[in-house]
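Once you have looked at the hints, place chain B on chain A.
There are 2 protein chains.
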Amino acid sequence: MTNEGLTTYVQTIIDAIAAQGVKQIVISPGSRSTPVALLLMHNAGHDQFSLYVDVDERSAGFFALGMTKTTHEPTLLICTSGTAAANYYPAVIEAQLTHQPLIVLTTDRPAELTNIGAPQAIDQDQLYGNHVKTFVQLPLPAADDTTLRYVSFNVQRTIMAAQATARGPVHLNLPLRKPLMPDLAPVNEPHPKTLTAPVTQAVLTAAALSQLTARLSGKRVLILAGPAESKDELAGVLALAHKGRWPILADPLSQLRQTDDDLLITGSDILFDGAITLGDAQPDVVLRFGATPVSATVIQWLQTFTGQVILVDPNQALADHSLSTQIQLTVTPAILCQALLPQVLPAPARYCQIWQALEAAYRQSVRAIQATEARIPVIMSNKLQDSAIFVSNSMPIRDVDHFYLPNNGHNRIYCNRGANGIDGVVSSALGMAAVSGTPNNYLLIGDLAFFHDMNGLMMAKRHALKVTIIVVNNNGGGIFSFLPQAAAKDYFEPLFGTPQDLDVATVSKLYGAQYERATTAEDLQSYLNETPTGLRIIEVPSDREENTQQHRQLSDALHKVMEDVLENYNTNKSN
Amino acid sequence: MTNEGLTTYVQTIIDAIAAQGVKQIVISPGSRSTPVALLLMHNAGHDQFSLYVDVDERSAGFFALGMTKTTHEPTLLICTSGTAAANYYPAVIEAQLTHQPLIVLTTDRPAELTNIGAPQAIDQDQLYGNHVKTFVQLPLPAADDTTLRYVSFNVQRTIMAAQATARGPVHLNLPLRKPLMPDLAPVNEPHPKTLTAPVTQAVLTAAALSQLTARLSGKRVLILAGPAESKDELAGVLALAHKGRWPILADPLSQLRQTDDDLLITGSDILFDGAITLGDAQPDVVLRFGATPVSATVIQWLQTFTGQVILVDPNQALADHSLSTQIQLTVTPAILCQALLPQVLPAPARYCQIWQALEAAYRQSVRAIQATEARIPVIMSNKLQDSAIFVSNSMPIRDVDHFYLPNNGHNRIYCNRGANGIDGVVSSALGMAAVSGTPNNYLLIGDLAFFHDMNGLMMAKRHALKVTIIVVNNNGGGIFSFLPQAAAKDYFEPLFGTPQDLDVATVSKLYGAQYERATTAEDLQSYLNETPTGLRIIEVPSDREENTQQHRQLSDALHKVMEDVLENYNTNKSN
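Going down the list, the sequences are from chains A and B.
Residues in the first sequence are numbered from -4 upward in steps of one, following this note's numbering.
Residues in the second sequence are numbered from -4 upward in steps of one, following this note's numbering.
Bound-form chain A, shown alone (with noise of 0.2 Å):
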């Protein structure tokens, strides 16, 4: 039995979902919304979709918001009634905090059928709060023309306004009465009314361009890159920190580490402990570009900082728990780097001088680290080249932060930093790899956090993902063991480290992915050599109590270097 009503009307939301240029689409199975899987398949026959399906929709949120992070296009989640959509939250959160358009269309009894007892029924009206942009309640399912034309107007306006800025996340709720069984007749041409807006941009006005040419030009400017969610992103800084000679703390997802520039600063959380002093290389302006950068170090030096902070921040959040910012600049860095570049002149050119040297001899040492796990990000940035990579939080995005070094590799790094939790970054890895053209993908992550989400590299087998997985065995949460929990000797363990003798080995033949064991810098060396053809792990076995030694030598011996650095240009002051 089908139900042509149903039919048109989900037909119109997803005609409508086409018209906002959605493309990939992640369903998890269900009863309830088999309307909408059955006819997004019927259209993805006809080219209009990428669809997948994953059975676990935490890991299905994930993957969606990995997709997401890469392409810069919404993602649609689909599921079906109850905690199903429930289990989307973790994702919903993440998309909110880092701008993602995540578009979630849960499915619903209809009124008669929940809160009132009837089974996989939860009250799905407002159910991620305010977590995204805007909740809609659609309609139950007619065909009348004034009900067609709302949900197709409402829905398409729903996905423009994720994808507004700021952009985020957004709910649409749709409830469905049985029978479920749509009508899977030839696909008509798609017409709804679509909508645009087309793009718009603010810009700086002269009388503030020049007021703020006055505070930067000539200045000792240090640009901080946080993250950022493409090359483009930050492309005009680049030429205008060249312009003014000024040197740039690029965060590992700034994307600008794509580039050898010899005026990116990677070794700032030596820097800016305060350990050292800076000297000469003090700076008199901070202009900040991007997100919340990875090293706290930064933002624990800004809050000292008595110089002037200059946010950019087109997504007029303010989002500066360092509280430092004074001035908040509501441009894209495309349009503010372009009206300053020919604006500027250059900060003196000892300033820069220093900042070069400092890094020459951070990178210099960096090149020469043999610690188990400080390494991996040395190699990665040493031999991965076009790829893509997907780095956990906790640790490993800790030490990309320190040892992955600028290279012409042009390998894009995402984590996800909105909320840093170690839940969903397999799924968000897969969910990079399935959409970011190129075979080279990698994700680079903990044993806990791989643990956290093994579900998610179901979606590996089922879709046949090309990914290299290299997963740092130190059984446990190696993160702890730099905290002061560490003292409470008879605590640590149980609480702390929680080691899970994960076997990894077992865990991919169970995903049938080739496995590999790197004990030695030579063994990563040389797996990192093979272009990935399916799904790989490699197992870095690491121990975390040397692993903790092993970073706080690293870091006394990078202080010394700094500190050689910054004693020579001081001794010679005519340098």
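For the record, the hints were derived by calculation from the structure and aren't laboratory data.
Among the hints, erroneous ones may be present.
Which copy is meant is left open, so a pair is good if it fits within one copy or across any two.
What the hints assert, rightly or not - Below are the DSBU-like pairs computed for lysine-lysine, each with C-alpha atoms no more than 35 Å apart in a straight line:
hint: 1; residue 1: 456; residue 2: 226
hint: 2; residue 1: 484; residue 2: 188
hint: 3; residue 1: 188; residue 2: 504
hint: 4; residue 1: 484; residue 2: 18
hint: 5; residue 1: 461; residue 2: 238
hint: 6; residue 1: 128; residue 2: 173
hint: 7; residue 1: 504; residue 2: 461
hint: 8; residue 1: 238; residue 2: 18
hint: 9; residue 1: 173; residue 2: 378
hint: 10; residue 1: 238; residue 2: 378
hint: 11; residue 1: 461; residue 2: 128
hint: 12; residue 1: 173; residue 2: 555
hint: 13; residue 1: 456; residue 2: 238
hint: 14; residue 1: 461; residue 2: 484
hint: 15; residue 1: 173; residue 2: 18
hint: 16; residue 1: 173; residue 2: 484
Given the structure is predicted, the values throughout are model-derived calculations rather than measurements.
Structure of chain B alone, referenced to chain A:
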């Protein structure tokens, strides 16, 4: 560096938790929750609490839910800030719908680090929306008397609210500033002012009882016993039924199938699907106890039932999506049954005799079942004794409803019948096993639900739980083969069948489980002779198409059996 004000404050919260009788605690590791975790473990050393540590918060939520279902006591969940807390959402919603007093204590960053770009911070205010009974934002730690008294009172009051009718989950959000290390000095005897609320109970007035007696006494009453918390909850129902000679449609979760009583009816899905005319078995009145029954057929029949429906509804929720209730009795089953017992006269003898004849014939046929999946509950009801059995949603609970026969084995049966999700089932079962007080713990689950919460198995390994898991592996979503979408052949397997090709033997190896494969009834019988000594996984291979056919044939055969009994009674009116 320790923090004495912090220690006093957090210890006050812990004392308040202990004062309200919370014994089971599930911690997920993280940094922000450090003082709570450390002090809890410090207290646990003094036998205050049983602590469980689960890395995956989604699993942790369901593990706690399983414990609460089994102990009928509140269970505490603790996690760090960020998306960790969002992972609890599915379990929180299930707890709400099944009235389980889950106490969620999320730790949080202080105000100056939320909603302002700081990492590991999400907006945790009202995180679970209206899916908890109460949300409490606790103040920042302080050791002044006013704060300590307020926090002690408010934490106790919140835990009491979770346990007051209608019970449900509550959320405490605790912001903490660094430094996070508490003082781990000897624990003092807790001495909060404890809060208690002596139990009250609603009773029927004499007039209401007399009216109700008139409606029931001597009438053809059909008792519908839905899911109940424990055997005690519906204990009075059996005695009342015997007095009135009233058959009881005993839901598998009513806990009534723990007794081989000759008034229990299990063949209701066959009798109520409209294909059979009940004749003299037709009741005048339906008296409902417990939550929504597993059987959708019974609900559909209630919608067409023209007699009176009385709902015993101590939660005062009127959660009746059959919309058939006319009389709501806001008393507990025990009070109602005790009050009615001396009053009611039996129904006509013939009414009860027909029902007993129908059930005897039904059970005889069920005992002879050979179909691969359908025979599993038959074997379980035959073999298991003094066991705690968790049943997954989707096909397993339906099969248990149909084919798990009442017996004197004293087996408790649990299932997540709030939102009926297939998420968190493994963890719920392991939570049950952790506190059931018996090594005889069982889980019956399909391969998709098993996969969905595979991470949950880690708790069996880490806490050496004794449980046997029967995985019915038909490689995909078996239930969809019974739905109309099975006709959409081209789309069915990718969207609904969704075979995951899960290698259950390798999963068993990963978690150190003993693995068995049961291809015959004898295999399964012999495996069920052994008491679980650890984690054991029994895979029962099945085939979805064959299973659909077998269920249809079985249904036809059972209809025939029921019709024959009724025909016999109708042609022998003098019986």
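Verification of the supplied hints:
| no. | hint | verdict |
| --- | --- | --- |
| 1 | 456 <-> 226 | within (30 Å within a copy, 45 Å between copies) |
| 2 | 484 <-> 188 | between (66 Å within a copy, 33 Å between copies) |
| 3 | 188 <-> 504 | neither (50 Å within a copy, 56 Å between copies) |
| 4 | 484 <-> 18 | between (52 Å within a copy, 24 Å between copies) |
| 5 | 461 <-> 238 | neither (41 Å within a copy, 69 Å between copies) |
| 6 | 128 <-> 173 | both (30 Å within a copy, 32 Å between copies) |
| 7 | 504 <-> 461 | both (16 Å within a copy, 26 Å between copies) |
| 8 | 238 <-> 18 | neither (40 Å within a copy, 65 Å between copies) |
| 9 | 173 <-> 378 | neither (56 Å within a copy, 39 Å between copies) |
| 10 | 238 <-> 378 | within (31 Å within a copy, 82 Å between copies) |
| 11 | 461 <-> 128 | within (33 Å within a copy, 46 Å between copies) |
| 12 | 173 <-> 555 | between (71 Å within a copy, 29 Å between copies) |
| 13 | 456 <-> 238 | neither (49 Å within a copy, 60 Å between copies) |
| 14 | 461 <-> 484 | between (42 Å within a copy, 29 Å between copies) |
| 15 | 173 <-> 18 | within (28 Å within a copy, 45 Å between copies) |
| 16 | 173 <-> 484 | between (59 Å within a copy, 20 Å between copies) |
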